[in-house]
Amino acid sequence: MANYDVTITNGSGSARMKAGTYNVTATAQGYSATSLDPKTFTATASDGSQTFTLLAEGTLELIFNETGASGGTPITSGSVVMTDSTGSIEYGSAVNINSTGVATFANVPFGTSESPITLYFKQLSTDDSHEIESNIISVELSSATETQYVINVLLGEQTFTLSDSTYSGLPINGTLNFNNE
Amino acid sequence: MELIINCANNLVYNPTIQYYVTVQNKCGQVLFATYTTSETVRICCCERSVVVCVRLYQNGNIIQTKSRYVNCARENQISMNFDFLARGVQKEESLQQFLVLDKTYNFPIQRASLLFLTL
Numbered sequence: 000m001a002n003y004d005v006t007i008t009n010g011s012g013s014a015r016m017k018a019g020t021y022n023v024t025a026t027a028q029g030y031s032a033t034s035l036d037p038k039t040f041t042a043t044a045s046d047g048s049q050t051f052t053l054l055a056e057g058t059l060e061l062i063f064n065e066t067g068a069s070g071g072t073p074i075t076s077g078s079v080v081m082t083d084s085t086g087s088i089e090y091g092s093a094v095n096i097n098s099t100g101v102a103t104f105a106n107v108p109f110g111t112s113e114s115p116i117t118l119y120f121k122q123l124s125t126d127d128s129h130e131i132e133s134n135i136i137s138v139e140l141s142s143a144t145e146t147q148y149v150i151n152v153l154l155g156e157q158t159f160t161l162s163d164s165t166y167s168g169l170p171i172n173g174t175l176n177f178n179n180e
Numbered sequence: 000m001e002l003i004i005n006c007a008n009n010l011v012y013n014p015t016i017q018y019y020v021t022v023q024n025k026c027g028q029v030l031f032a033t034y035t036t037s038e039t040v041r042i043c044c045c046e047r048s049v050v051v052c053v054r055l056y057q058n059g060n061i062i063q064t065k066s067r068y069v070n071c072a073r074e075n076q077i078s079m080n081f082d083f084l085a086r087g088v089q090k091e092e093s094l095q096q097f098l099v100l101d102k103t104y105n106f107p108i109q110r111a112s113l114l115f116l117t118l
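Top to bottom, those sequences are chains A and B.
Going by numbering that gives the first Met the number 0, the residue at position 82 of the first sequence is 81; the numbering climbs one at a time, nothing skipped.
Going by numbering that gives the first Met the number 0, the residue at position 116 of the second sequence is 115; the numbering climbs one at a time, nothing skipped.
For reference, chain A alone in the conformation it holds in the complex (with noise of 0.2 Å):
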């Protein structure tokens, strides 16, 4: 008869315990504990190893606009993907930016007010008439539904003039396609 308590840090940890067959349980904060995934191990005499996940219950906005705060022109398409935070390894796929600027992401842990769990996210594209946030998007949740505003600036506006080349001066009506290669 043998209980182990083992601490899970960034994901690992282990312990050296007797065969036999355990009922698991798991403590994380902005996770519910009823989700662990098995609930159950069986250590053999052998060294061994078992992943469990846990699934979190919180829901995050993330809103592109030109202000970066509630009630900016939103941009209308894009995406957006979780990841460590340098930015080098994403979590998960990612996640269409709707025509109104919102991004959902579902099953995100969360903390308290007191105690927030920060999550990383990346713009991987915006549409075609605003500059993408390049930095990395720092989120800290403390409750189960969050909303947070990310900016994306209006794309500078560019003049064009299309005339005749042998009589200076006559303004063309035509069309100018830019193709960015």
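Treat the hints as calculated values from the structure; they're not laboratory data.
One or more of the hints may lead you astray.
Straight-line alpha carbon distances no greater than 25 Å define the calculated SDA-like cross-link-like pairs of lysine to any residue that follow [to be verified]: (1) B:Lys102 with A:Thr174; (2) A:Lys38 with B:Ser93; (3) B:Lys25 with B:Glu46; (4) B:Lys102 with A:Ala32; (5) B:Lys102 with A:Pro170; (6) B:Lys102 with A:Ser141; (7) A:Lys38 with B:Glu46; (8) B:Lys102 with A:Thr165; (9) B:Lys102 with A:Ser31; (10) A:Lys17 with B:Ser112.
If you want the footprint, here are the derived chain A segments under chain B, 3+ residues with CB under 8 Å [as the list claims (entries may be wrong)]: (11) 32-43; (12) 50-56; (13) 96-110; (14) 161-171.
C-beta: ideal position from N, C-alpha, C; glycine also.
Based on these hints, arrange chain B on the given structure of chain A.
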């Protein structure tokens, strides 16, 4: 010459167990002696025919002694088995490693604890 100290399969290697290895000539004179906690020991064999003795200590007590005649000219690697050590250091626990990930996004959860209760 290299001495490999083999434990039985059901033993866990335990660095707190100390081996005392000696090499003696036919007259019992100690030619080489070393303490080690490694399973592999390089031993000095300066005569053609010697006796290699291994004493196994745990918590300062001798729990095993074995010896073997070795023809140094013919053998450059020898093994000695400690099959009956199971009583003292039988493998009771194994190292279990755990990974805890977010189910949706597959990132490692920063801080958590897992409690294992015997069924």
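Okay, the hints, checked on the actual structure:
no., hint, verdict
1, B:Lys102 with A:Thr174, "51 Å, violated"
2, A:Lys38 with B:Ser93, "20 Å, holds"
3, B:Lys25 with B:Glu46, "10 Å, holds"
4, B:Lys102 with A:Ala32, "12 Å, holds"
5, B:Lys102 with A:Pro170, "62 Å, violated"
6, B:Lys102 with A:Ser141, "20 Å, holds"
7, A:Lys38 with B:Glu46, "62 Å, violated"
8, B:Lys102 with A:Thr165, "68 Å, violated"
9, B:Lys102 with A:Ser31, "11 Å, holds"
10, A:Lys17 with B:Ser112, "19 Å, holds"
11, 32-43, "holds (count 6)"
12, 50-56, "holds (count 6)"
13, 96-110, "holds (count 4)"
14, 161-171, "violated (count 0)"
In summary, the structure is inconsistent with hints 1, 5, 7, 8 and 14 from the numbered list given earlier, while agreeing with the others.
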